[in-house]
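Hints in hand, dock the two standalone chains.
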Amino acid sequence: MIEIRLWKAWIIARKDLSILAGRKPLLAMTFLFPLVLSVALPSILLYTATKKHASNVIIIDLLSSFAFFFVLLAALLPLYLSSYSLVGEKTEKSLEPLLATPTSDSEILVGKYLASLVPVLLALYIGMTLFIVLSDLMTYRFIGYYYYPNQTSDILMFLDAPLAMLYGVSFGTLASARSSSVQTSYQLGAVSLIPFLILYVLGEVQIVNLADITNILYIGAALFIAFIVVFYVGRKSFNRERILTAWR
Amino acid sequence: MAVEIDVRNLTKKFRDITAVEDLTFQVEQGEIMGLLGPNGAGKTTTMRMLSCLLPPSSGSAIVSGNSITDPNGSLEIRKIIGVVPDNVGLYDSLSAVKNLRFYGRMYESPESLIEANIKKYLQLMDLWEARDRPVGTYSKGMKQKVALARALIHDPRILFLDEPTANLDPEATKTIRDLIVSLKEQDRTILLNTHNLDEAQRICGKIGVLKTRLIAVDTPAQLEKSFSGNKVAVQLVEVNDRIMEAVRFLKLGQTVLEGNTIIIDLADPDRDTPSVVNAITAAGGKIRSVNEVKVSLEDAYFKVVKGD
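From first to last, the protein sequence lines stand for chains D and Y. For what it's worth, our numbering labels the leading residue of the first sequence as 1, then goes sequentially. For what it's worth, our numbering labels the leading residue of the second sequence as 1, then goes sequentially.
Fair warning: there could be bad hints in the mix.
[Stated by the list, open to error] Calculated pairs, DSSO-like style, for lysine-lysine (alpha carbon to alpha carbon, straight line, at most 27 Å):
id, chain 1, residue 1, chain 2, residue 2
1, Y, K79, D, K90
2, D, K93, Y, K140
3, D, K236, D, K90
4, D, K90, Y, K98
5, D, K93, Y, K98
6, D, K90, Y, K140
7, D, K93, Y, K79
8, Y, K174, D, K93
9, D, K93, Y, K206
[To be verified] Which bits of chain Y does chain D cover? Going by a derived footprint, with three or more residues having C-beta under 8 Å, they are:
id, region
10, 3-12
11, 49-59
12, 62-68
13, 270-282
These aren't lab readings, by the way, just hints derived from the structure by calculation. Note that this is a predicted model, so its numbers are computed, not measured. Beta carbons: idealized from backbone N, C-alpha and C, even for Gly.
Looking at chain Y on its own, in the form it has when it is part of the complex (with noise of 0.2 Å):
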């Protein structure tokens, strides 16, 4: 897949207030990539540099092949990418079919599309029947998916989605993210930023804890399998020094017992595991259970930022 943003030590200082350090991450085409963070961890910051809403202090990002630092650059990369940032900003006494044309117009797109656009996403957004009442009047969930839908309204190949959800009720919270989905199945390439880590588990592909820097960029899978650092829990009828010394005899790491369960660090579960058991058992243990220690996202975000 061709890399759709290029992000080279991407870094923002506001005078002496470093917001954004040494960025550097890839998103391949038709990819979601999310970013997670605390507040003020430069999520924003990010990507209002990557759609060319704020110059970086140093460092360079391609997107689509266009350079954010380049200004006719700049000028094609706002052409091809939607945004919904984190305020919705739209026109409250405006209808949403209003808002929509003239986002659409603002956007160079041709009227056809434009009004086959506004009915397309209304209409799948269930907004289709309130069309014609001033956005003021919506509640924060229309006007979120107004939001979405005004992002969407040129079709753009990339699309920087600041806190989609926030605030959302559960219903509205999942038409969007199935249209997230279903935006990444057309092949669009998505940057998230969220707090939200069951929303970045189920819907991205990628994620990136940011924290000014970026402490970590992987799958959500191998985010969790990296921060639970390979351990393995047998849990025993009983234990006792004998069997505890057979275990620590073969070095294999971190040895814990917590109640009649032994936690093992191990560098290959898979190799290891077998001469564990072998050990225990010919020490008279008697094994109730084995299993991998899994450690959730959630974990693994609170590790990676508070360093737990």
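Chain D on its own, in the form it takes in the complex (with noise of 0.2 Å):
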């Protein structure tokens, strides 16, 4: 069993997210890319709906299907940060110093993941709530109601994305963690999206239906399943000895 003080992993999260409060391009990022989506996703909607004059059968396909678009970056977003944060502690040699006070390894991943996930959970429900919000507004006046909110995106933005989210902050810590640079790191993190890029052709190509909700209930279950299996992973590489006299 292990036993994680939250308090103690509250503690390395606020120093990873002051460190990251200096890292203007990174922060800018991750709070830039939902926030374009948001408005580019409805301005296609916009478009689609006047220009090309599609039926609302169209609209609400394409309305259904982006919203699974901030799962995605759910995944996406986390893996710059994590990434950053442990190959930071790597160039810094701070893991040392940092394994000698009296925190357990678990405490020193699960203050990792936090920091990553507070940015990207404030940057993607802002990000999302303007989706809703603009698409709702540019749509309406199509099809004679406001989708948003719904059954399925409630599903989507409150179970799938939060979970795709720790399957990304765990992907990208792991990544990080067998990485000597960022940029390492964010190649071995990306193989974490591929599941997302398939799920969405097989929904363009509707194989799966990504509106229906026993689907995205699956997909919440099978990113769990991942989030549990690539944490153990994680936790098994953030081994002490593997990190004093492996990591380089």
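Below you can see the structure in the form of structure tokens.
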């Protein structure tokens, strides 16, 4: 049984957030990405509805599939932050004094997770809220009702997206534990996005219905299992002896 | 004095490489023990095992009553030790104050103690004015001082210092050495890894010479003495065969002639030196001086480590 003192993990997360606050480009990218998407996607909807004279069915199809982009983003964004967080500790050689404190490896790992999750959570929910509001405003006059929020978007927003974030942050941490540079960590971490891209393509070719509640609950369950597996592997990689002797 | 660090047959192997073998030594409360040895001798590995960063392959160590191999004991040990690793490992983008505050909290110290110690140590190390600057802008010496302040932030009873004065200018070295000596006066136990023989001699009460195994452990004075081999040098105005024969007749130990100086290995210089002097004068020798041959700690170290 792993005992984790969250207050201890939070001290590490606060320190990491304080360091992150100084890395303006990284922070800007974290917030800019969802914001751009939250404006771009409703604009595409508006363009499709007005210029292409698309039917309500197509608009609704687009609305449901666009929401899935935010799940993908939820997995993507923490990759950058978690890579910086752990590779940063490696390059500054600051893990040894940290490991010498009365703190468990799991607490350090959870602290790293929290530091990546907090800004992503904030950026993602701001972006999603803006996307929902803009999408509703832009499509109301074509479909006659506000599409969002609905059960599907609620599950995507409050179940799948947070789970995708946990999956992304644990994958990013694992990737950075096995990399010596941020670039390598990104490349390794990008592997974690392949299942989402496959799912999106399957949704587009209508093999998987991404608006179906059962399907998105299954996706949530799969993300949860994937997170547990990656956390466990990450926990094994985050081993004192390995860190001090093999991490360079 | 109570034994604060008790190491018994400690061994660390990394696959088929033995980094540390069969180490046994004790450090008493309030003592500074230096670990001397060449690169790769196992000094850092020893320190990492004692500070519960690496598990030993075999053997045991008790630090302040807690075993390093027991998970609960290791947590207790990490609460009462302060560590300065060979790389300072500070967060470059954070100020000295933020670095120290973070570690104070990680050591679960009360906020009042953290703030008091930040002020105390940054002032003591002449870093108070630069306290809010990012540590990345500091010189190497300044960073080393912050690393030492970090190790002291929670008032630990035991300190593990790995090359704390490496690559520092003489002024910074002196500040840190003075601080280490003042910590000993506060009854703190210190294990110090160093390459610097002069430093070890100046501040350590006991020195262990390490080369994977512990080759010798003693006070600096005793180490010098044990390797000087109790030699006595008798300088004469002139040396001839008769004098040499008279000295050799005493059968006290190896006798070597270097110029007009006879160097003799004596089992007990206090007892045997008068006999040597009598024998030389009886053989007609005129003595200029009689001196004990001193071997420096450096000579002793090279003798032990390289088998010179």
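Here is how each hint holds up against the structure:
{"no.": "1", "hint": "K79(Y) to K90(D)", "in the structure": "24 Å, holds"}
{"no.": "2", "hint": "K93(D) to K140(Y)", "in the structure": "15 Å, holds"}
{"no.": "3", "hint": "K236(D) to K90(D)", "in the structure": "17 Å, holds"}
{"no.": "4", "hint": "K90(D) to K98(Y)", "in the structure": "19 Å, holds"}
{"no.": "5", "hint": "K93(D) to K98(Y)", "in the structure": "17 Å, holds"}
{"no.": "6", "hint": "K90(D) to K140(Y)", "in the structure": "19 Å, holds"}
{"no.": "7", "hint": "K93(D) to K79(Y)", "in the structure": "21 Å, holds"}
{"no.": "8", "hint": "K174(Y) to K93(D)", "in the structure": "26 Å, holds"}
{"no.": "9", "hint": "K93(D) to K206(Y)", "in the structure": "30 Å, violated"}
{"no.": "10", "hint": "3-12", "in the structure": "violated (count 0)"}
{"no.": "11", "hint": "49-59", "in the structure": "holds (count 5)"}
{"no.": "12", "hint": "62-68", "in the structure": "violated (count 0)"}
{"no.": "13", "hint": "270-282", "in the structure": "violated (count 0)"}
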